[in-house]
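Chains as they are written, first to last, in my numbering: chain A, 176 to 602; chain B, 176 to 602; chain C, 176 to 602.
Nothing false has been slipped in among the hints.
No distinction is drawn between identical chains; accordingly, a pair holds when it is met within one copy or between any pair of copies.
Distance condition first, Cα-Cα at most 25 Å in a straight line; then the derived BS3-like pairs of lysine-lysine: (1) 590 - 352; (2) 229 - 579; (3) 590 - 354; (4) 558 - 590; (5) 590 - 574; (6) 354 - 229; (7) 574 - 239.
Note that these hints are calculated values from the structure, not bench results.
Here is what each chain is made of, one letter per residue.
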Amino acid sequence: MARIVVMGAGIGGISQVYELRKQLRKSHEVVLVGDSERFEFTPSNPWVAVGWRKPSQMTVDLRKLMQKHGIEFHSQGVRRLHPAGNSMELNDGSSVSYDFLVIATGPKLAFDEVTGLGPDTGYTQSVCKTGHAQTAFADFEKLVSNPGPVVIGAAASASCFGPAYEYAFILDTELRKRKIRDKVPMHFVTPEPYIGHLGLDGVGDTKSLMESEFRDRHIRWTCNAKITSVTDGQIRFTEMDEDGKERKQHELPFRHSMILPAFKGVDAVFGIDGLTNPRGFILIDEFQRNPRFPNIYAVGVCVAIPPVGPTPVPTGAPKTGYMIESMVTATTHNICRAIDGKEPDTRATWNAVCLADFGDSGVAFVALPQIPPRNTNWAARGKWVHLAKVAYEKYFLHKVRAAKTEPYYEKTVLKMLGARRLKDAKQ
Amino acid sequence: MARIVVMGAGIGGISQVYELRKQLRKSHEVVLVGDSERFEFTPSNPWVAVGWRKPSQMTVDLRKLMQKHGIEFHSQGVRRLHPAGNSMELNDGSSVSYDFLVIATGPKLAFDEVTGLGPDTGYTQSVCKTGHAQTAFADFEKLVSNPGPVVIGAAASASCFGPAYEYAFILDTELRKRKIRDKVPMHFVTPEPYIGHLGLDGVGDTKSLMESEFRDRHIRWTCNAKITSVTDGQIRFTEMDEDGKERKQHELPFRHSMILPAFKGVDAVFGIDGLTNPRGFILIDEFQRNPRFPNIYAVGVCVAIPPVGPTPVPTGAPKTGYMIESMVTATTHNICRAIDGKEPDTRATWNAVCLADFGDSGVAFVALPQIPPRNTNWAARGKWVHLAKVAYEKYFLHKVRAAKTEPYYEKTVLKMLGARRLKDAKQ
Amino acid sequence: MARIVVMGAGIGGISQVYELRKQLRKSHEVVLVGDSERFEFTPSNPWVAVGWRKPSQMTVDLRKLMQKHGIEFHSQGVRRLHPAGNSMELNDGSSVSYDFLVIATGPKLAFDEVTGLGPDTGYTQSVCKTGHAQTAFADFEKLVSNPGPVVIGAAASASCFGPAYEYAFILDTELRKRKIRDKVPMHFVTPEPYIGHLGLDGVGDTKSLMESEFRDRHIRWTCNAKITSVTDGQIRFTEMDEDGKERKQHELPFRHSMILPAFKGVDAVFGIDGLTNPRGFILIDEFQRNPRFPNIYAVGVCVAIPPVGPTPVPTGAPKTGYMIESMVTATTHNICRAIDGKEPDTRATWNAVCLADFGDSGVAFVALPQIPPRNTNWAARGKWVHLAKVAYEKYFLHKVRAAKTEPYYEKTVLKMLGARRLKDAKQ
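Work the whole structure out from these sequences, hints included.
Given below as structure tokens:
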């Protein structure tokens with residue numbers, strides 16, 4: 176009889192406990208350790224920030240659900256992991272032990288790397304957490320009653336640029352609907368070397384596609400930008416040239432701003448020798464397993480992956496929905512084998528499939544593998560992407576409520592994209 | 176009983192007298208003061224310049240028409256307006272008095288701001304007046320019999336770039352038809368900071384769209400250009416950099432050239448304190464009414480509007496067909512109310528809707544509002560734009576002949592664009 | 176009775192003997208002098224280089240064919256032409272005399288202009304000859320078993336860039352099929368001032384089209400590049416700026432490389448005063464006839480034409496399939512007239528029509544005339560281009576085997592393009 180603990184109750188963690196519960200005999204214990212009573216569907220946060228969703232529409236109470244499905248549930252959050260002792264200390268001082276551990280915490284949001292950044296300062300907003308998005312919505316409503324300039328973007332070393340683009344497009348769409356877009360100059364500030372880089376050195380010709388979309392929506396931009404500090408209504412950043420030398424200092428006023436932070440590993444694991452890299456991300460082998468502590472696995476944003484290539488301002492590579500799904504499935508297989516005393520044999524697909532919502536339209540990216548050059552590489556634009564993203568939300572929330580384990584990207588998105596691609600190719 | 180005089184018999188003025196005549200009781204006098212016996216449909220001038228129209232096809236005799244519709248008509252042109260005396264002196268020394276005045280003169284063409292510019296010098300052509308376009312056609316026929324380089328563009332401080340683009344594309348189309356395009360290198364010289372700026376900082380992604388169209392037609396270009404002088408067959412201009420510093424001096428030979436001038440206010444009003452801005456454009460409030468002389472209104476190209484934003488070489492913002500139409504309607508309403516002793520309450524829509532003809536195709540722009548960022552912002556290319564422009568000409572000439580007052584853009588173009596946009600969005 | 180010798184048994188030469196044989200009475204002798212027993216369909220060479228064709232599928236034995244059709248055939252190759260004596264010395268020491276000569280040798284491949292370039296060094300590959308393409312395929316198979324960086328491009332003064340682009344796209348397509356594209360970084364190195372120049376200063380907006388295609392396929396590029404030397408697995412080149420000054424020195428490693436050389440005239444004619452220009456290309460008048468030796472005509476790649484315009488690194492203008500076809504037809508007419516004692520009166524169409532295959536798609540170019548500005552100018556992308564190219568190969572090989580004389584471009588490609596253009600224009 177084994178006890179498997181999953182640390183983190185987000186998209187990765189929740190999928191992980193359901194899959195493990197389904198695959199393992201009843202005699203094995205599956206434990207979920209989150210830091211809240213509720214599951215948040217993170218991809219919907221930008222919609223919360225402009226009022227298209229209420230938090231109640233995209234969060235799910237976990238307590239009863241876990242009880243119903245025979246999963247032990249803790250919601251106090253982890254203070255510190257003790258891998259040598261196969262246990263973790265929770266924030267209330269209690270302790271949880273495990274035979275196998277899956278780390279699925281997501282990132283720590285490193286707002287502190289830029290003075291004045293983040294929702295705690297009240298200067299810039301975030302869509303990384305549903306709570307942040309709620310705060311952002313309050314700030315957005317102030318913008319609506321008193322329109323003025325908006326700055327959206329990402330800090331240096333950020334690795335997940337999609338939500339910044341999404342928020343820019345969604346905000347633009349909502350402001351147009353309210354017929355006040357004309358009173359809101361928008362500027363996009365990013366460490367990416369070009370618009371559409373996405374931490375992936377582009378996918379298909381996302382450079383042309385996104386630049387054109389920005390021009391079309393009159394969103395100005397600065398690339399190779401390192402944000403240095405934020406004060407109330409002012410953002411300062413340095414623009415670098417191609418060789419990484421300082422090109423220009425900028426200062427922009429704003430009445431509303433959403434800046435994505437860089438990601439780090441969470442405090443509970445940060446600095447554990449052999450478990451994490453210097454930024455606190457979990458080191459894993461090709462089977463999602465930590466080399467030093469082979470009973471520890473990791474899935475999702477908390478795993479360590481190398482950047483795509485050097486950029487004048489540091490950027491990281493994102494972990495997208497399909498990759499996370501695939502990591503969860505591989506981890507389930509490999510833990511089942513480990514319980515049976517076998518070696519792990521399943522690898523995740525390191526492919527990026529991503530739906531970026533524009534509010535009224537969207538862009539779908541397929542990058543196989545994630546890092547270029549690629550065997551498959553595709554980007555397409557259309558209203559169908561927006562609809563697909565809504566469908567993904569509905570599906571996933573249903574999955575959480577009904578304890579389903581089908582992978583969405585694998586079953587639905589890839590097929591949809593395949594059909595779409597075929598249609599485009601016929602032209 | 177009130178006497179309302181409309182000064183100017185172009186697209187704005189002719190629509191204005193018809194609308195006023197229709198809305199006002201017979202006892203009120205409606206007076207039209209033009210500077211010619213004929214109405215010219217200005218947008219067709221580029222077609223005259225390449226022989227696609229004869230002047231007789233796009234001009235209308237006004238004398239009998241005005242008589243038929245009970246509108247007093249003067250064709251001598253105004254020497255000087257005397258707003259303090261509610262009267263104007265005509266070029267023949269006679270005088271016309273008014274209770275209400277609508278200024279709809281269009282611009283003065285400031286050819287004199289560049290040495291050697293304009294049809295009077297015989298060096299460069301113009302499509303601003305039908306007479307100019309006739310002269311341009313004679314020059315075009317010389318080009319056809321002796322092909323050589325062509326330079327098309329606009330002078331610094333120009334505000335209406337559409338006809339320059341149209342003329343470039345139409346000329347290209349006609350030269351291809353005649354199979355001599357291969358003997359005519361073409362160069363476009365403009366103060367705009369980029370191709371497709373249009374004095375509007377672009378509409379949708381007109382930058383990509385127009386640059387691609389220019390490359391496709393092998394029209395070379397220089398932006399940020401300030402034309403300094405023209406001599407017979409030689410044009411000199413300075414190219415500025417982004418910061419407005421001189422980048423390069425250019426000199427280009429040409430065998431045919433069409434350069435749009437900057438616009439100013441007409442002499443009859445220039446320098447009247449409180450009525451005009453320093454360039455002679457009529458100052459108006461949101462109700463088309465001059466603040467100093469509240470019985471004076473203005474519509475069309477002669478009104479003062481701010482530029483979209485600073486550019487390295489000065490540029491202005493254009494007044495497009497839909498704006499003019501909307502100004503006329505608002506003015507009619509407000510004058511009717513003023514006659515009844517009420518305050519004006521109707522505002523024009525400051526939106527740009529524009530059809531730019533390419534001869535074989537065209538681009539339609541929708542910019543609401545005119546100045547970015549915008550609530551609606553759209554550009555599309557297709558043969559249908561050329562056909563829509565021809566339809567607009569036919570409709571407007573019919574309107575003038577039959578004294579119709581329906582607004583064309585409001586009723587037809589916006590619907591057509593809406594349908595087209597829907598079609599594109601479905602893709 | 177006249178004896179007409181055609182020197183060269185490629186696409187031009189083989190078409191030439193068939194047309195002459197068909198047009199001339201039996202009493203006239205038609206002679207073909209090649210340097211091999213086999214005809215090679217050169218455009219298929221890139222397919223040979225990735226294994227999509229075997230040489231046997233795109234070559235044809237000439238000996239029996241020529242015998243069957245009453246054409247005298249020599250396959251030893253020409254050592255030296257003696258135009259003053261109306262004869263040529265073959266490589267075996269024998270001699271062939273003529274009354275009329277058509278030079279259709281194609282180019283000499285000037286690999287020697289860059290140290291280390293070309294298949295003889297074993298460093299870089301070529302697709303100019305079927306034998307080269309076979310060697311390239313062997314090298315490609317090594318790449319497949321040990322993937323690594325690829326460099327594709329063209330040397331300074333090259334004039335035929337299409338096959339370099341084709342090979343880049345075809346290689347990309349094949350590597351994707353084999354799912355190893357992710358292990359093969361690709362770089363394109365070209366003297367062209369921009370991607371899509373093609374020695375033609377672009378056709379339509381090939382700049383946007385090809386740049387986008389390169390980004391889409393993650394092929395990096397350097398333009399204005401002058402390759403200076405190649406060693407085993409290393410290529411060195413100088414990047415120039417717009418004004419032709421050195422901008423940067425580059426050195427790239429490769430595991431597989433295909434670099435097109437500059438073209439020169441073949442040794443057999445090089446340096447014959449009055450017959451060739453300094454690079455050995457045959458000087459011709461508008462009737463394909465050499466001014467100094469009026470019984471000598473030339474068709475195809477061996478004729479002298481001026482470059483499109485100066486470029487920072489020298490480039491030449493290509494001779495495309497349609498031009499060659501047209502030169503052959505004009506030459507046939509003019510020789511028939513000359514035999515009858517009349518002056519020549521037929522001119523070739525100096526138009527570029529080109530199908531560039533991408534393996535899974537392709538781009539069709541129409542440039543009339545070849546040098547911009549043009550009367551017709553068109554580029555379009557689609558899978559149909561790949562299919563059209565396959566059809567051209569099948570057709571031409573059938574034509575060679577069956578001694579047909581119909582021009583393919585004239586009869587088929589132009590019609591197809593016309594239909595396609597009409598379809599696009601309807602949008």
